[in-house]
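Asks: Start from chain B and add chain W according to the hints.
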Amino acid sequence: MQPALTNQLNNAFTLFLSLLVEAIPFLLLGVLFSGLLLGFVDERKLVSRIPPNPLLAALMGSSIGFLFPVCECGNVPVARRLLMQGVPAPAAIGFLLAAPTINPVVIWATWTAFRDQPEIVVLRVVFSLVTATIIGWVFSAQKDLRPLLQPSVARAIPLPKPEFSEKKLVQANTPLLLQSGTFMLGQPGGAVPIESLLQDDWKPLQTDQTEKTSKRSSMFHRVSKERLRLLLDTMVQELRELGGVLVIGSAIAAIIQVGAPRELILNLGQGPVSSILAMLLLGAVVSICSTVDAFFALSFASTFTSGSLLAFLVFGPMIDLKGIGLMLSIFKSRAVVYIIVLAAQLTFLMTLAVNLHLG
Amino acid sequence: MNLKKISPWLDALAILAWGILLLKYWITGKLSILIHPHYFGLTLAGGIGLMVIGGLKTWELLKLDRTTKQSRTSPANNSLRITEVEHVTLFPPSIGSTLMLSVALIGLLTTPRTFTSQTALERGLTESLPITRLQPQEFRNTTKPELRSLVEWVRLLNFNPEPDTYRGQKVKVQGFVIHPPNLAEQYMWIGRFIITCCAADAYPIGLPVKLLIGQSRTTFAPDSWLEIEGETIVEELQGKRKLIIQASSLKPIPEPKNPYDY
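Line by line, the protein sequences give chains B and W. So that you can map any letter, position 52 of the first sequence is 52 in our numbering, and since no number is skipped, the others follow by simple counting. Remember, our numbering sits 359 above the position in the second sequence when you count from 1.
Chain B on its own, in the form it takes in the complex (with noise of 0.2 Å):
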């Protein structure tokens, strides 16, 4: 019993440090755009180039991905710094979801993969935008995104003003004490919502610096000194954050791959639906970089439908556990609940034309 245990323990160790050794160079080009983005790039300037129907953005924030070569642990940092830059809330979660898979080294990394099956790199990415674009189109019926955020980001962003006013009004014909939300206790005037506060004081984030190094036509801000010092604290700061979170998502990656047999996984079936069942749980399970998941996907070509390789093509990079946990750095646990059961129905519905029509 002893040599088993400790065997196990060998495993989820190694596993552990393998999933973290790889990541972690991604993660830190992930950090460094997301650094960069603050602070080089005009907030305001990017978020006008937005358009303002809320499919579009979508689709937009989930195709800018291609610029960002980042994997889904370079995209959570550089998502939320969207967000908090004033990005709508649209494009910022197409841009989270797709990022991943919408992107050069991915789809470069696929096709090396799969070049017998061509199909399934054209899937791959057409599957990732719509399910990316939906489920940002479907985020944009919240106006306010603020309750689904975590309170330190949802401070950090702009409100829309109409939206809020009425509901202000609303509020106002109700007892404090039968309004539902989040509250600032010892403000003056009583118990304050979380969402007003710095409503109207909000500014984009800025250095002392902006106003005087921007140029009025470039989108970039210029390198200076500070802007440089500004990127490693940023970059210092998010590496720790993140970090943290992504040693808690692949220690409970690990201890879920040595604790449940892969063959459990695995056996759980062929047929058209349970075999994408099975690979939604896989790609969920196996947390593993989006820029590598074809390579591993290949190796259940033999024995799986073409729909769920896709499955996992397309829902894994979206949702898995250490993704789950760095998402939870940006939105409360309801709001990625709903990512998860939205990307999963979504992915389900697609792949699962794609084993009765084309397999």
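Please note: incorrect hints may appear among the correct ones.
Distance condition first, Cα-Cα at most 30 Å in a straight line; then the derived BS3-like pairs of lysine-lysine [as the list claims (entries may be wrong)]: (1) B/332 - W/363; (2) W/422 - B/225; (3) B/225 - W/364; (4) B/225 - W/428.
To be clear, the hints were calculated from the coordinates, so they are not data collected in a lab.
Replies: Chain W only, in chain B's frame:
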């Protein structure tokens, strides 16, 4: 010293420690236990990147420390620093860096170990290979059988699973010993783990080995590495006709630097 003062130092240390850990794995060759060689360059770049960031942060902290010491009487000097940007914190800042630092320290003090034969048994030992990038595109009989590695044998079997095709060929393969509990004492498996990206997708493959009459597998401990020479035979094992290596020589070898195959 209070937590607020220690926290930036913890950040810098955690990042530096991870940089050192990645470089250590690269220098000591332990990286091959964790990830596919394709990603070595990325890890090396990541390690250097982390060292640079950790180093710059440490340098900044040291400089700041000196400035505060010099101008203890005029703390207004601190206002020279740019406006702090509010950062999202899921848990108190020191916890994130403490977690990262502790894992890095554990990593620096211990050495990751390769998966064992026990793991191979748990993951399901097969002589069939899932389709990989290196799937043979055509059947070529030109390679000398004794030059084929274990993975190449498995790849061939995967292409053409009829064991009789390979009957009587010479074999010389390297791998680690596995003792499946449901086989007679005269049989064991020789195996390798193959990975496509990292240890998370390690997949055991192998071939059954038949020892000479009178030999028992207890002589060859599980997980020990062997170079086996012999000839292929076909026998029924557990109700299935299988290609088996009839071993004529079993030479113990040290565990290879890179235990996985690809």
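Asks: Each hint needs a verdict: does it hold in this structure or not?
Replies: Verification of the supplied hints:
Distance restraint check for residue 332 of chain B and residue 363 of chain W: the Cα-Cα separation of roughly 27 Å lies within the 30 Å cut-off, and the hinted pair is therefore satisfied. At most 30 Å may separate the alpha-carbon atoms for a hinted pair to count; residue 422 of chain W and residue 225 of chain B meet this at roughly 15 Å. Distance restraint check for residue 225 of chain B and residue 364 of chain W: the Cα-Cα separation of roughly 24 Å lies within the 30 Å cut-off, and the hinted pair is therefore satisfied. Proximity of residue 225 of chain B to residue 428 of chain W is assessed by CA-CA distance (about 23 Å); at most 30 Å being required, the pair is judged to hold.
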